[in-house]
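Each chain, letter by letter, is given below.
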Amino acid sequence: MPGSRKSPRGAHRETMDPNRPNNPSPAPIRLLLVDDEKGFVEVLSKRLAKRNIHTTQAFSGSEGIRLLRRSDFDVAVLDLKLEDMDGIEILKIFKKMDPHMPVIMLTGHGSEKASIEGIRYGAFDYLTKPHELAELVEKINEAIRLRERTDDTDETASC
Amino acid sequence: MNRNLPPLSPYYRSLTRNMVLLVMVISFTPMVLVTGIILDQFSSSHHEKVFAHLGELVLKHKQNIDSFLDEKVQNIRFLADSIDFDRISQPGIIAEDLSRLQSAYGTVFVDLGVVNEQGQQVAYAGPFNLENAIYADADWFKKAIQSNYFTSDVFLGLRGSPHFIIAVRKTWQGQKWIIRATIDFLSFNRLVEKVRIGETGFAYILNREGQFQTKPIFDFTPTLDIYSRYFATLSRMGKEVEIQERLDGAGVKSLYVSALLKGGDWLLVYKQASSDAFSDLHNAQIIALVFFVLGGIAIVAMAVWMSGRMVRRIATSDKEKEIMNEQVIETGKLASVGELAAGIAHEINNPVAIMVEEAGWLQDLMEDGAYKNEADIKEFERALNQIRTQGKRCKEITHKLLSFARKTDSRIEDFEIGHLIEEVVALSAQRAKYSNVELTTRLEPKLPAISASHSELQQVFLNLINNALDAMDKTGGTLEISARQEEGQILIGVADNGPGIPKANLARIFDPFFTTKPVGSGTGLGLSICYGIIQKMGGTIAVKSALDVGTTFEIRIPVKTDDTVENRTVVSASDTCN
Numbered sequence: 001m002p003g004s005r006k007s008p009r010g011a012h013r014e015t016m017d018p019n020r021p022n023n024p025s026p027a028p029i030r031l032l033l034v035d036d037e038k039g040f041v042e043v044l045s046k047r048l049a050k051r052n053i054h055t056t057q058a059f060s061g062s063e064g065i066r067l068l069r070r071s072d073f074d075v076a077v078l079d080l081k082l083e084d085m086d087g088i089e090i091l092k093i094f095k096k097m098d099p100h101m102p103v104i105m106l107t108g109h110g111s112e113k114a115s116i117e118g119i120r121y122g123a124f125d126y127l128t129k130p131h132e133l134a135e136l137v138e139k140i141n142e143a144i145r146l147r148e149r150t151d152d153t154d155e156t157a158s159c
Numbered sequence: 001m002n003r004n005l006p007p008l009s010p011y012y013r014s015l016t017r018n019m020v021l022l023v024m025v026i027s028f029t030p031m032v033l034v035t036g037i038i039l040d041q042f043s044s045s046h047h048e049k050v051f052a053h054l055g056e057l058v059l060k061h062k063q064n065i066d067s068f069l070d071e072k073v074q075n076i077r078f079l080a081d082s083i084d085f086d087r088i089s090q091p092g093i094i095a096e097d098l099s100r101l102q103s104a105y106g107t108v109f110v111d112l113g114v115v116n117e118q119g120q121q122v123a124y125a126g127p128f129n130l131e132n133a134i135y136a137d138a139d140w141f142k143k144a145i146q147s148n149y150f151t152s153d154v155f156l157g158l159r160g161s162p163h164f165i166i167a168v169r170k171t172w173q174g175q176k177w178i179i180r181a182t183i184d185f186l187s188f189n190r191l192v193e194k195v196r197i198g199e200t201g202f203a204y205i206l207n208r209e210g211q212f213q214t215k216p217i218f219d220f221t222p223t224l225d226i227y228s229r230y231f232a233t234l235s236r237m238g239k240e241v242e243i244q245e246r247l248d249g250a251g252v253k254s255l256y257v258s259a260l261l262k263g264g265d266w267l268l269v270y271k272q273a274s275s276d277a278f279s280d281l282h283n284a285q286i287i288a289l290v291f292f293v294l295g296g297i298a299i300v301a302m303a304v305w306m307s308g309r310m311v312r313r314i315a316t317s318d319k320e321k322e323i324m325n326e327q328v329i330e331t332g333k334l335a336s337v338g339e340l341a342a343g344i345a346h347e348i349n350n351p352v353a354i355m356v357e358e359a360g361w362l363q364d365l366m367e368d369g370a371y372k373n374e375a376d377i378k379e380f381e382r383a384l385n386q387i388r389t390q391g392k393r394c395k396e397i398t399h400k401l402l403s404f405a406r407k408t409d410s411r412i413e414d415f416e417i418g419h420l421i422e423e424v425v426a427l428s429a430q431r432a433k434y435s436n437v438e439l440t441t442r443l444e445p446k447l448p449a450i451s452a453s454h455s456e457l458q459q460v461f462l463n464l465i466n467n468a469l470d471a472m473d474k475t476g477g478t479l480e481i482s483a484r485q486e487e488g489q490i491l492i493g494v495a496d497n498g499p500g501i502p503k504a505n506l507a508r509i510f511d512p513f514f515t516t517k518p519v520g521s522g523t524g525l526g527l528s529i530c531y532g533i534i535q536k537m538g539g540t541i542a543v544k545s546a547l548d549v550g551t552t553f554e555i556r557i558p559v560k561t562d563d564t565v566e567n568r569t570v571v572s573a574s575d576t577c578n
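Respectively, the protein sequence lines represent chains S and G.
Numbering-wise (my numbering), the first sequence opens with residue 1 and increments by one.
Numbering-wise (my numbering), the second sequence opens with residue 1 and increments by one.
Hints in this document: simulated from the structure, not taken from any laboratory.
Glycine included, every Cβ here is placed at the ideal spot set by N, Cα and C.
Treat the hints with care, as some may be off.
As the list claims (entries may be wrong) - In the PhoX-like style, the derived pairs of lysine-lysine whose C-alpha atoms are separated by at most 20 angstroms in a straight line are:
| # | chain 1 | residue 1 | chain 2 | residue 2 |
| --- | --- | --- | --- | --- |
| 1 | S | 92 | G | 378 |
| 2 | G | 372 | S | 50 |
| 3 | S | 46 | G | 372 |
| 4 | S | 38 | G | 433 |
| 5 | G | 60 | G | 378 |
| 6 | G | 262 | S | 113 |
| 7 | G | 378 | S | 46 |
Stated by the list, open to error - Taking CB as the label site, the calculated pair distances span:
| # | chain 1 | residue 1 | chain 2 | residue 2 | range |
| --- | --- | --- | --- | --- | --- |
| 8 | S | 120 | G | 516 | 19 to 29 angstroms |
| 9 | G | 377 | S | 66 | 33 to 43 angstroms |
| 10 | S | 142 | G | 476 | 33 to 43 angstroms |
| 11 | S | 72 | G | 502 | 42 to 52 angstroms |
| 12 | G | 426 | S | 125 | 48 to 58 angstroms |
| 13 | G | 484 | S | 134 | 55 to 65 angstroms |
| 14 | S | 142 | G | 426 | 35 to 45 angstroms |
| 15 | G | 378 | S | 71 | 27 to 37 angstroms |
| 16 | S | 134 | G | 391 | 41 to 51 angstroms |
| 17 | G | 415 | S | 142 | 27 to 37 angstroms |
| 18 | G | 486 | S | 71 | 50 to 60 angstroms |
| 19 | G | 476 | S | 134 | 43 to 53 angstroms |
Unchecked claim - In silico contact screen, one side only, chain S against chain G (beta carbon under 8 angstroms); selected entries:
| # | residue |
| --- | --- |
| 20 | 44 |
| 21 | 108 |
| 22 | 129 |
| 23 | 130 |
| 24 | 144 |
Chain G on its own, in the form it takes in the complex:
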């Protein structure tokens, strides 16, 4: 692809740049929008899904735990109904009750005790030695004696290890009795512990004082005010599950899903780092980003490559157009020279005819044999002189034509336009004479130099003069070519008093292939070529015409300035290369 391409000019470089930018903007805008919208939609729906899933999970566990606690309370109540308080203090009875309990509901019940109204444990079965323990000052006892049944928070108690108690109050013989059972902390803990999702998702239970009711997998200190807010929010809003996303104590953005337990005493909290909870989303986002970046790179590469190619193509076609223009100008030049040739032929035929006749005359004289006397020799000399004179005349005509034709290259030069106009006028003088047109010039002396192609300007004036002479061929008239300086421009007028151009044709006069001449007589290119040439040198050409009054072509060419010289030298340098 990159076969030693020549460097492009600044114009084409900026064109390439603009095209690349345009293609990139056009391609990236929808891509960014679509990707953004899709990612946003996906993200919000994924959030919703995750939230719903976690909410459901927490709700399920809340129900699990609540029903677990309920069940345990029911179990103890059932047991309490069958307890015979008379015999309870007898050894073995309570142990029998415990083993019945354990065999029916599993080893979740660690021990069992009966406490009288004074807070003394009258009977106890279990692994600890707690018979006759006094609970009168224990927190749980104070609460348990107030209600029919009670589930305590987790506490260390007399045994020095975390546990919690389910207590059922019974009244017998006017006395209040409390039947209490300790729940195996580990098996309760397992209920919460098994809530594990991802790498960081775990659950724990807090009481209203912000103390752990389970042993969290990751150890941390809960921030009390946040949790009390959860308590408040949940109870106020009547919602079962509250989901929040916020920074945790370590500054990691996390999801907090909470639900109330145990009639609002406890708070079940599920916590998971957001990045973990949304890891699927993040993966999808990363994949999307990778595709986006790859697509972006592809777009940029395509934009650069395509723009480069297109600009190359444009540059090539511009160059071709330039060459074609040159060829059209060359063709036009040939056409105008062809028209000129008819005039030149006339001009040259006269001296040639004289020479032929003079030579014939000499022959006549020689055939008569009369070339010895003085008079005959004089006649000979006269005839020969005439031949020489007419030969010179021919030479002058051909020189004039040659000096015109020699300047065929379209090199840009600095020159004064007056001389060029005189030259073209001299060349057209004979044709004008035969068309009975008075051809005059009115040139301001000392006009500033212009920077243009000599031969192209010649062609412009030759075309305009030829057109004017054609228009006045039948009628005769005057044709004046004037040149003067005006505001940094040279103003050249080619004014005739011929029949004028109809308004309908005036607008199309510079159009290529527009001609009023019969088919085969005119190419219709002359004026369009003039237009192109004048435009190219930064000038303007305009026409004014009135029927039966005449036509004036007005050409404005900028006077050569220093900066145009620099531009021109670049062009002319490339022109002279070929």
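Same shape as in the complex, but just chain S:
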């Protein structure tokens, strides 16, 4: 059950501050980043790490699915244009494997249609490449906050 694998994250939520990237935090956000552009994934991981977000890198859709099967992530960032699989298909699989994990989509200009389709399939939001890092971090935090709220209501409901 994906819900049972969830770890409570409420403790450090208040300490999260994107404007102070070097602020050390005991429990960084676990991010799954799926993008086949290696250079992009690497530098983005480094920058996110400075903002207390730990990135697990996946360079293809199948790799992302494999990684998600192995471990839990707080949030996923998914490039919709991947060579091996259609982004929307990956999103559907992600949502099936872990319905609570918010997925932020990355798209190129002119592919907004695909992003809107993605949102219909349960994606949290989308960003258009190239984007500002602050924007991405903001979206990640928003997603986490939303997730915690829904987790809480889920838990209340289950009690």
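Following the hints, put chain G in place on chain S, whose structure we already have.
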């Protein structure tokens, strides 16, 4: 009208010529027919009218002359009844009879005589001294003594001047007597002489020997056999008037109207030159001819002028159509480049995103103040290198796009098609990758050159590849572009294994504005433009498709030959002018 028009090409010149000929044939045929029929009808009815008129005229004169002769005979018979043969030889008696005759019937009677059975003239009154003249051997006397009355032919006789005689036979005391009167030749002649029509129409009388019984106005020698034929025809056919048109002795075509006189002894002939008799008809014909010629000139002028104008108009609209075609092709090119742009945007967004992130990373490091130790400097260098690398990547992409876009003119060049296909494939590779399509080429090496517009062919392949990628966007698949030489043509195949085209759409696929894409997504012009471009270079494009198996477009382009080069250079020369 003629404001320095440029000379037309041979095609338009021959078009003009054909149109002129067609208009002329169409206009002249009814005109000639109608004019011919009208002239023929008019001519025959005019002939009929002239014939009828002349026939009537001659008939009237025949009756006139016959009744004149009859009357004279009656006159003499009347006189003969009252003659007292006892006293006739006494002087003065006969003179008294003559003067009675003349006072009653005019001076048409010149003289009067009584001849006994032996041919001796026993009494005579008249201007000549013919008393006791012997007529026993005279031709007329021999005939006159045989019948009750007799009218002679014209003869010179004893007096030596032309005249003719009316003789009445009487029997008295067992003896035959002849009372004869001479008719004034001039007044008889006047009867015929007054038949004058036009300039050449005149009448004369002939006897069966072909001798003139009147003095014709125009002197000529009658051809005996012709006249005897008239005699024969008239008496045989029982017709009163015979009309013939034939050449006369002088070779002039003439009308001959003849009728028998004097119980068939004489022939009244009316002769008129045909041209004179039908002068009205000829005038009408000349007027008709003048109108015909004027009308003909007008038709020819109109045909030439109108055809010239129409061909000019056609040439102009052809030129406009050509320009419009070019514009449509240009628009199609923009559309296909637009589709391409989405792929290019993706391709360029990745390196740009990396550059942005690397720059941000450098900023992060600098904000930490950690740029003095060796490791930090190494990281700096790596990041900067990455930015440079990604910048180069961007440059390559833009170069690729530019090299494609630069060839925008539709100039005809000779080139090898393989390179062009590779170029288009390279440009579409990224899009194919994202559509999960394996894009491959199978090009025969050393293909002969073709003569075509580089940019237009680019557009054709880009369109076909874009269509195939669109079709396989959801499913992925393979797309193979092949090129080989076959019988003086280059055969290019664009084959995918996508969903295929339904049969209903297959027939309309090259129609302009036919599209299966949602409204606003496709112009429906792509394939129709491809079709136009391939047609223009003398090639063909065909499509084969099976549902769930795939679609193959097959293009055949003729290999460049020397004579096409010449044609093309003309076109390209005009193309490069603008």
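Structure-based check of each hint:
About 41 angstroms separates the Cα atoms of residue 92 of chain S and residue 378 of chain G, which puts this hinted pair outside 20 angstroms; it is violated. For the given pair, residue 372 of chain G sits about 19 angstroms from residue 50 of chain S by alpha-carbon distance, which is consistent with the 20 angstroms threshold. Proximity of residue 46 of chain S to residue 372 of chain G is assessed by CA-CA distance (about 19 angstroms); at most 20 angstroms being required, the pair is judged to hold. For a cut-off of 20 angstroms, the pair hint linking residue 38 of chain S to residue 433 of chain G stands: about 16 angstroms separates their Cα positions.
Distance restraint check for residue 60 of chain G and residue 378 of chain G: the Cα-Cα separation of roughly 145 angstroms exceeds the 20 angstroms cut-off, and the hinted pair is therefore not satisfied. Using a Cα cut-off of 20 angstroms, the hinted pair residue 262 of chain G and residue 113 of chain S is violated, with the two alpha carbons roughly 124 angstroms apart. With a C-alpha separation of about 15 angstroms, the suggested pair residue 378 of chain G and residue 46 of chain S falls inside the 20 angstroms cut-off, and the hint holds. Between residue 120 of chain S and residue 516 of chain G the Cβ separation comes to about 24 angstroms, which falls inside the hinted range of 19 to 29 angstroms.
For the pair residue 377 of chain G and residue 66 of chain S, the beta carbons lie near 37 angstroms from each other, so the given range of 33 to 43 angstroms is met. Distance hint for residue 142 of chain S and residue 476 of chain G: a CB-CB separation of about 34 angstroms, consistent with the stated range 33 to 43 angstroms. In this structure the supplied range 42 to 52 angstroms holds for residue 72 of chain S paired with residue 502 of chain G, their Cβ-Cβ distance being about 47 angstroms. Between residue 426 of chain G and residue 125 of chain S the beta carbons are some 35 angstroms apart, a value that contradicts the proposed interval 48 to 58 angstroms.
In this structure the supplied range 55 to 65 angstroms holds for residue 484 of chain G paired with residue 134 of chain S, their Cβ-Cβ distance being about 56 angstroms. At roughly 41 angstroms, the beta carbons of residue 142 of chain S and residue 426 of chain G sit within the given window of 35 to 45 angstroms. A C-beta distance of roughly 31 angstroms is found between residue 378 of chain G and residue 71 of chain S, which places it inside the suggested range of 27 to 37 angstroms. Checking the proposed 41 to 51 angstroms range against residue 134 of chain S and residue 391 of chain G shows it is violated: the Cβ atoms sit about 23 angstroms from each other.
Between residue 415 of chain G and residue 142 of chain S the beta carbons are some 56 angstroms apart, a value that contradicts the proposed interval 27 to 37 angstroms. A beta carbon spacing of about 59 angstroms between residue 486 of chain G and residue 71 of chain S agrees with the range 50 to 60 angstroms that was offered as a hint. Restraint check, residue 476 of chain G to residue 134 of chain S: a C-beta distance of roughly 36 angstroms breaks the suggested window 43 to 53 angstroms. At a threshold of 8 angstroms, the smallest CB-CB gap from residue 44 of chain S to chain G is about 5 angstroms, leaving the interface hint in force.
Because the closest C-beta pair between residue 108 of chain S and chain G is about 4 angstroms apart, less than 8 angstroms, the hint holds. Proximity of residue 129 of chain S to chain G holds as hinted, the smallest CB-CB distance being about 4 angstroms (cut-off 8 angstroms). Annotation: interface hint on residue 130 of chain S holds; nearest CB of chain G at approximately 4 angstroms, less than 8 angstroms. At its closest, the beta carbon of residue 144 of chain S sits 21 angstroms from a beta carbon of chain G; the interface hint therefore is violated under the 8 angstroms criterion.
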